[in-house]
Amino acid sequence: TEVRYLGQLHHANLVKLIGYCAEGDNRLLVYEYMPKGSLENHLFRRGPQPLPWATRLKVAIGAARGLAFLHDAKDQIIYRDFKASNILLDSDFNAKLSDFGLAKAGPTGDRTHVSTQVMGTQGYAAPEYIATGRLTAKSDVYSFGVVLLELLSGRRAVDKDKIGVEQDLVEWTKPYLGDKRKLFRIMDTKLEGQYPQKSAFTAATLASQCLNIEPKSRPRMSEVLACLQELQAAKNDSKDHRKVSSPVPRSPVGHRQRRSTPLGSPLSTPRRSTTQVR
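In terms of the numbering used here, the sequence shown is residues 16 to 293.
A portion of the hints provided could be inaccurate.
As the list claims (entries may be wrong) - Restricting the straight-line Cα-Cα distance to at most 25 Å, the calculated cross-link-like pairs of lysine to aspartate or glutamate (DMTMM-like) are:
| hint | residue 1 | residue 2 |
| --- | --- | --- |
| 1 | K205 | E181 |
| 2 | K119 | D107 |
| 3 | K73 | E245 |
Unchecked claim - Distance ranges between label pairs, derived from CB positions:
| hint | residue 1 | residue 2 | range |
| --- | --- | --- | --- |
| 4 | R126 | H25 | 21 to 29 Å |
| 5 | G208 | G148 | 38 to 46 Å |
| 6 | S237 | D107 | 17 to 25 Å |
| 7 | K89 | D194 | 39 to 47 Å |
| 8 | K189 | T147 | 19 to 27 Å |
Treat the hints as calculated values from the structure; they're not laboratory data. All residues carry an ideal CB built from backbone N, CA and C; glycine is no exception.
All chains should be modelled from the sequences, with the hints used to inform the complete structure.
Written as structure tokens, this is what we have:
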């Protein structure tokens, strides 16, 4: 699947597949070299330089542009596994989508969805897809909303090290996304309050729309992209950029890679390794 899609699709926000090798059950894919690694590493691993607000917004825009390209293609493609670990970054922090192993062709004709085995990563998959196996482009929009929350909060979609509702990022953030006065409670403390309050609230509102329980009420990725680009265009509004104090302490979370598996069942596909080359 991945070789077929990446061999045919060419876009600045999709990782370039250079080559592949298949031997028995082993699969080797060779991507273009992405020197900054994955978004997951930058958000959740301790490092000397946490991502500033402007970079987080840039990454969100690049990822949104990649998804919008897939959804608006003549033959629609549903990514199905949008998550922080699949967003790779080049030397300038331009985001590119990688790992198309779960991608599916979108519905055609009069069909409104694609029925398929439920696969994906816990915490990112849309609830209606988990419940019914019915896949649409709006399933990707939900996953984008989760990643947008991760960019805002610096927390993982699912974190078993937390207690109670805080283990589930979507549930934990719900009470704060629509309240300007309380939004700072979920913002990443590594930002040290250095972010535009109005832009952060707009991004939080957008995330909430993407996470709407009703798929038809979620925006299209082209609309999400347009909203994020407007935020970027307004980023130089110095009056909006101020330090916000947050009383919420948060200890660093260790890095744990989540593999895409059938939700609720063990991994059944052959092991595949990925190599990046310069």
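**Holds or violated: K73 to E245, with C-alpha atoms at most 25 Å apart** = Holds: K73 and E245 sit about 12 Å apart, inside 25 Å.
**Request:** Given the range 38 to 46 Å, decide if the beta-carbon distance of G208 to G148 lies inside it.
**Result:** Holds: the Cβ-Cβ distance is about 43 Å, inside 38 to 46 Å.
**Given hint E181 paired with K205 - CA-CA distance at most 25 Å** = Holds: K205 and E181 sit about 18 Å apart, inside 25 Å.
**Prompt:** Is the gap between the beta carbons of K189 and T147 within 19 to 27 Å?
**Reply:** Given range 19 to 27 Å: holds, Cβ gap about 23 Å.
**Asked** Can the suggested window of 17 to 25 Å be confirmed for the beta-carbon pair S237 and D107?
**Response** holds (24 Å)
**Asked** Has the given pair, K119 with D107, been kept, meaning a C-alpha gap of at most 25 Å?
**Response** violated (30 Å)
**Prompt:** Quick one: are K89 and D194 within 39 to 47 Å, going by C-beta?
**Reply:** holds (42 Å)
**Asked** Is the distance from the Cβ of R126 to the Cβ of H25 consistent with 21 to 29 Å?
**Response** Once the Cβ atoms are compared, 27 Å apart, the range 21 to 29 Å for H25 and R126 holds.
Of the numbered hints listed earlier, the single one contradicted by the structure is hint 2.
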